[in-house]
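Peer 1: Put chains F, E and L on the given structure of chain W with help from the hints.
Chain by chain, the residues:
There are 4 protein chains.
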Amino acid sequence: MANIGFIGLGNMGGPMAANLIKAGHSVSVFDLSKAAVATLVTVGATAAQSAKEAVTGAQFVISMLPAGAHVEGLYLSGDDPLFDHLAEDALVIDSSTIDAKTAQKVAAVAAQRDINFIDAPVSGGVGGAVAGTLSFMVGASEQQFANAKPILDVMGKNIFHAGVQGSGQIAKACNNMLLAILMTGTSEALNMGVKNGLDPKVLSEIMRLSSGGNWALELYNPFPGVMPNAPASNDYQGGFQTDLMFKDLGLAMELSQLSASPTPMGSQARALFNMHKVKGNGGLDFSSVIQQYQDQD
Amino acid sequence: MANIGFIGLGNMGGPMAANLIKAGHSVSVFDLSKAAVATLVTVGATAAQSAKEAVTGAQFVISMLPAGAHVEGLYLSGDDPLFDHLAEDALVIDSSTIDAKTAQKVAAVAAQRDINFIDAPVSGGVGGAVAGTLSFMVGASEQQFANAKPILDVMGKNIFHAGVQGSGQIAKACNNMLLAILMTGTSEALNMGVKNGLDPKVLSEIMRLSSGGNWALELYNPFPGVMPNAPASNDYQGGFQTDLMFKDLGLAMELSQLSASPTPMGSQARALFNMHKVKGNGGLDFSSVIQQYQDQD
Amino acid sequence: MANIGFIGLGNMGGPMAANLIKAGHSVSVFDLSKAAVATLVTVGATAAQSAKEAVTGAQFVISMLPAGAHVEGLYLSGDDPLFDHLAEDALVIDSSTIDAKTAQKVAAVAAQRDINFIDAPVSGGVGGAVAGTLSFMVGASEQQFANAKPILDVMGKNIFHAGVQGSGQIAKACNNMLLAILMTGTSEALNMGVKNGLDPKVLSEIMRLSSGGNWALELYNPFPGVMPNAPASNDYQGGFQTDLMFKDLGLAMELSQLSASPTPMGSQARALFNMHKVKGNGGLDFSSVIQQYQDQD
Amino acid sequence: MANIGFIGLGNMGGPMAANLIKAGHSVSVFDLSKAAVATLVTVGATAAQSAKEAVTGAQFVISMLPAGAHVEGLYLSGDDPLFDHLAEDALVIDSSTIDAKTAQKVAAVAAQRDINFIDAPVSGGVGGAVAGTLSFMVGASEQQFANAKPILDVMGKNIFHAGVQGSGQIAKACNNMLLAILMTGTSEALNMGVKNGLDPKVLSEIMRLSSGGNWALELYNPFPGVMPNAPASNDYQGGFQTDLMFKDLGLAMELSQLSASPTPMGSQARALFNMHKVKGNGGLDFSSVIQQYQDQD
Chain W
1 MANIGFIGLG NMGGPMAANL IKAGHSVSVF DLSKAAVATL VTVGATAAQS
51 AKEAVTGAQF VISMLPAGAH VEGLYLSGDD PLFDHLAEDA LVIDSSTIDA
101 KTAQKVAAVA AQRDINFIDA PVSGGVGGAV AGTLSFMVGA SEQQFANAKP
151 ILDVMGKNIF HAGVQGSGQI AKACNNMLLA ILMTGTSEAL NMGVKNGLDP
201 KVLSEIMRLS SGGNWALELY NPFPGVMPNA PASNDYQGGF QTDLMFKDLG
251 LAMELSQLSA SPTPMGSQAR ALFNMHKVKG NGGLDFSSVI QQYQDQD
Chain F
1001 MANIGFIGLG NMGGPMAANL IKAGHSVSVF DLSKAAVATL VTVGATAAQS
1051 AKEAVTGAQF VISMLPAGAH VEGLYLSGDD PLFDHLAEDA LVIDSSTIDA
1101 KTAQKVAAVA AQRDINFIDA PVSGGVGGAV AGTLSFMVGA SEQQFANAKP
1151 ILDVMGKNIF HAGVQGSGQI AKACNNMLLA ILMTGTSEAL NMGVKNGLDP
1201 KVLSEIMRLS SGGNWALELY NPFPGVMPNA PASNDYQGGF QTDLMFKDLG
1251 LAMELSQLSA SPTPMGSQAR ALFNMHKVKG NGGLDFSSVI QQYQDQD
Chain E
2001 MANIGFIGLG NMGGPMAANL IKAGHSVSVF DLSKAAVATL VTVGATAAQS
2051 AKEAVTGAQF VISMLPAGAH VEGLYLSGDD PLFDHLAEDA LVIDSSTIDA
2101 KTAQKVAAVA AQRDINFIDA PVSGGVGGAV AGTLSFMVGA SEQQFANAKP
2151 ILDVMGKNIF HAGVQGSGQI AKACNNMLLA ILMTGTSEAL NMGVKNGLDP
2201 KVLSEIMRLS SGGNWALELY NPFPGVMPNA PASNDYQGGF QTDLMFKDLG
2251 LAMELSQLSA SPTPMGSQAR ALFNMHKVKG NGGLDFSSVI QQYQDQD
Chain L
3001 MANIGFIGLG NMGGPMAANL IKAGHSVSVF DLSKAAVATL VTVGATAAQS
3051 AKEAVTGAQF VISMLPAGAH VEGLYLSGDD PLFDHLAEDA LVIDSSTIDA
3101 KTAQKVAAVA AQRDINFIDA PVSGGVGGAV AGTLSFMVGA SEQQFANAKP
3151 ILDVMGKNIF HAGVQGSGQI AKACNNMLLA ILMTGTSEAL NMGVKNGLDP
3201 KVLSEIMRLS SGGNWALELY NPFPGVMPNA PASNDYQGGF QTDLMFKDLG
3251 LAMELSQLSA SPTPMGSQAR ALFNMHKVKG NGGLDFSSVI QQYQDQD
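Protein chains in written order, with the numbering used here: chain W, 1 to 297; chain F, 1001 to 1297; chain E, 2001 to 2297; chain L, 3001 to 3297.
Bound-form chain W, shown alone:
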């Protein structure tokens, strides 16, 4: 069993840390929210008073933060950068979803200082974090990936080695852009079919088994009533919020711009989620974007 420092105990980080504890690891946790720390203590975590304290002596450091600026601030440029306080041979796993450029920048500094820093953003949502079935997309060397895998296995089901440092963020940006395209496209096709008289369940099934088949039709149908357990059948509560998809699409657009990779479809999807968001739907599950297509009652 390992000593793990865990920083960032939000909706995702909290249950991820809890799963590590459940698996028998010693986890020292820190978050700016004392309530979040307290919750983890009740399931067996050790409360740290600072990020520095959380990582002291840790073999693994895991961070789960909102954006690149936080990650850079934590490790490199804040008041007391963690890179100055890591145990020798510690492996730092940043599971935050951030821009690839910052991930690469922090990794480059780490490499200069012989620190093991890898990016391992997740997908699977809060449900996956609780169930320990997240997907991890990892940017790391072969050795680092091998070292991280047993720890990631505790929190996830699919652990992908995407490539060198930064590749985890790149893979996630690509995947989530594609997801946004699938969801809007599926919404659009379903809406057109239904508006022309087709039954949403019948059309969903036809496309699922034909060349229109995709993840949304398999597991996350945006049309209310087609899948009882999908957010669409629960007033678009829970799931993956529109605001978060909009954030992820911003990361994809930044990657597109920096690498001059054309993204006509991803850009279109971003515009649709943006239009959905400004109408007050940022807090709804992202599959609610189908409402942008539907006739107003």
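Think of the hints as simulated: they come from the structure by calculation, not from any bench.
In this text, a Cβ means the ideal position worked out from N, Cα and C, and glycines have one as well.
Certain hints may be false.
[What the hints assert, rightly or not] With a Cα cut of at most 25 angstroms, we get these calculated DMTMM-like pairs of lysine to aspartate or glutamate: (1) W:K105 x L:D3080; (2) F:K1149 x W:E205; (3) L:K3149 x E:D2199; (4) F:K1157 x W:D199; (5) W:K195 x E:D2199; (6) W:K52 x W:D89; (7) W:K201 x F:E1218; (8) L:K3195 x L:E3254; (9) W:K52 x W:E88; (10) L:K3279 x F:D1295; (11) F:K1157 x W:D89; (12) W:K279 x E:D2295; (13) W:K105 x F:D1199; (14) F:K1034 x F:D1079.
[Unchecked claim] Distance ranges between label pairs, derived from CB positions: (15) E:D2199 x W:D235: 38 to 46 angstroms; (16) F:G1238 x W:A108: 54 to 62 angstroms; (17) E:D2243 x F:A1002: 46 to 54 angstroms; (18) W:D199 x E:Q2049: 43 to 51 angstroms; (19) E:L2258 x L:L3209: 42 to 50 angstroms; (20) W:L76 x L:S3141: 32 to 40 angstroms.
Peer 2: Positioned in the frame of chain W, the structure of chains F, E and L alone reads:
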């Protein structure tokens, strides 16, 4: 075994008729191309001198024509409309991919005259036509669908009952629009990842197993070399041509316009296939649209 | 002064016919609405009991109908096609906005029969029709254009000779697609600037005088309060309805499809007007599309 | 006459500084390129050995740099930040086109330290810089704007006061996004009309005088041969490069993302310029984007 009149023996219609013959049906065939008729005769078809002759006495009439104008001309408004020459209780199965409006118009006339006319467009391409593994999307009553199914089973694998007359065309337009979205979206995500250093096989596998999963990543990867048997690995030869996808997207746009169903993603995909087509790629498999994203060598 | 038969007395046709009467021409009018005919009679028109009666003996025939099917029905394929009843040397001016394909088809039949048929769709809205300041985009031979011009001058200000038959419809489709792009683009730029703290009047003025300058910023600002007389400052009443712009964009898309002319921007604009329309705004002036961008109150 | 420090002597900055000298001002110049400095010295500038030396004692400091990072590095965070070396009451005019966020950040620091820092990005290209006919979009207080105006008048023709600090960058991002929309939209409409048989000059003139009228049709027609002096008639040499438009659209997208302002049309335009760029056209004038629409020869 049934007497079948088959009209339209192109790349799709030819092998479809051949499969009916192989299954033991008596098939009388007609096409404006004598060569096409002759080819079918060599595998056991009876050559008809006219469409009228082909349908005389047939229990099933199957047509496979390029566009709505041909279908309307054949059955309703040509020199010698077939609706005047059908056997009593004949079931007419139009497998052409045409606009829903024409399908509904012809079906409405049929209904007035107590003629059984159903729409049953296919997907699966020439390969599926030859192998007898097409998908049929059928617009018909329950009874008509039940009557048609044994015949369709000979030519296809998945026989879907989409709804009432016209629903087959609507379902196909929705599905193929979604397919165009999936293919462009997948191309775009793969190109961005690869341009940022990821391996196309690795990224394809990550997205296939994640929320970006879709038919293109399962069976029809647009990136050369990822799937040995996909058109992408064979210089985009064979498969489903860009020109045909562009035609299908035109049908989807017409449906969108007539029903005022918003199609921002489908419209975007149509523009991309159009741009690809005007650069001289209309004859390549539609997955070659990824070239619109790639850096010129 | 000329004998003119005028068919189609809607919001546009009515005031156009009235201007011809005012200029001293003898105008025989027909419309399916008896009220519309009656209104024109009060300003000096002769009521015809049928389209045929309206055109009997007329030197000029002008039609103003909703769509291609009506035009084709009136002249070619209806119960009593007008092409059978025209005076020798009559000049037929179709000012309906219809698809170019139908305009070309009707013109081709006319040419075979030595009938002068030209397309002359208008822009300028009801206001322009009343004021006699419409723009006409004319598809005609040089001679036909010269013959039509004195009549068109009565109803319009700018009379453009776009080219041969059908060119009027093509020019209008191109212009109105571009207008839709200008209006959505201007809305988008203004919204982004204002959301970031700029004054809409100041930003409008800067862009108007810079490389963003366009017709919308000159005459039809979509932001409420910037131009007192624009529909935007009058709750988007009057002007050019969203439904009509959506129709025109449908014609542009059909032209794009038939000629395989890529229209990524026009397609995008069509999607935006469609999304605006399904939210119940079809009856508002088309500049209200800016509401699709704005935060919900 | 004023003492002016000028930093950044590229294609734009060089002629701008030259115009200040021509008007009688004393200009001390600095650039990393010694050749650029030497060129300015030949027209009367004083060569500075460092940015610090250039601004020492200057009443006005003008910078013209490629991106936000350079501006922030120069004034705030580099080895020897200029904010430590300004004369009392100096007015700093940053004419670089950078992201609004950085402009606001630098301005905020300036405000804390009682330094006058304003953003004044330009449009008008190299031609405008040489001719002294640039447009300036200025983010400044009323007093700062009044102080800057006599200096800006030397280099430009239209000097706009867009609002408080950062507003110049915001206005420019909005305007150039709209310009990209106008240019792609105009290209698209012209291509469709010409492909359907219209004369490009005739269609251009019709749309210019109708509701499709815009800056591109007035001054910068993208179709070769319509305007003899436009880049389109000169193999798309000179003018405003595709690469620069792509950069500006990146700034607009960043602004869109940070403020959640929907930009479906601007995003579409960015995708088109990106696709144009990856085909090797980054160095051509941006109106060459029309080639993306045209049939390959």
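Peer 1: Look at each hint and say if it fits the structure.
Peer 2: Going through the hints against the structure:
1. W:K105 x L:D3080: 23 angstroms, holds
2. F:K1149 x W:E205: Holds, at roughly 18 angstroms.
3. L:K3149 x E:D2199: With a Cα-Cα distance of about 20 angstroms, the restraint between L:K3149 and E:D2199 holds, given a limit of 25 angstroms.
4. F:K1157 x W:D199: Judged against 25 angstroms, a Cα distance of about 22 angstroms means the pair holds.
5. W:K195 x E:D2199: Given that 25 angstroms is the threshold and the Cα spacing comes to 41 angstroms, the pair is violated.
6. W:K52 x W:D89: 16 angstroms, holds
7. W:K201 x F:E1218: Given pair W:K201, F:E1218 holds - Cα atoms ~23 angstroms apart, limit 25 angstroms.
8. L:K3195 x L:E3254: Cα-Cα ~36 angstroms, so violated.
9. W:K52 x W:E88: OK: W:K52 and W:E88 at ~14 angstroms, within 25 angstroms.
10. L:K3279 x F:D1295: 6 angstroms, holds
11. F:K1157 x W:D89: 57 angstroms, violated
12. W:K279 x E:D2295: 6 angstroms, holds
13. W:K105 x F:D1199: At roughly 21 angstroms apart (the allowed maximum being 25 angstroms), F:D1199 and W:K105 satisfy the hint.
14. F:K1034 x F:D1079: Holds, because 20 angstroms separates the two Cα atoms, which is no more than 25 angstroms.
15. E:D2199 x W:D235: 38 to 46 angstroms: 39 angstroms, holds
16. F:G1238 x W:A108: 54 to 62 angstroms: 45 angstroms, violated
17. E:D2243 x F:A1002: 46 to 54 angstroms: 49 angstroms, holds
18. W:D199 x E:Q2049: 43 to 51 angstroms: 49 angstroms, holds
19. E:L2258 x L:L3209: 42 to 50 angstroms: For E:L2258 and L:L3209 the Cβ distance comes to about 27 angstroms; the hint is violated.
20. W:L76 x L:S3141: 32 to 40 angstroms: Taking Cβ atoms as reference, W:L76 and L:S3141 lie about 36 angstroms apart, which means the hint holds.
Checked against the numbered hints listed earlier, the structure breaks hints 5, 8, 11, 16, 19; every other hint is satisfied.
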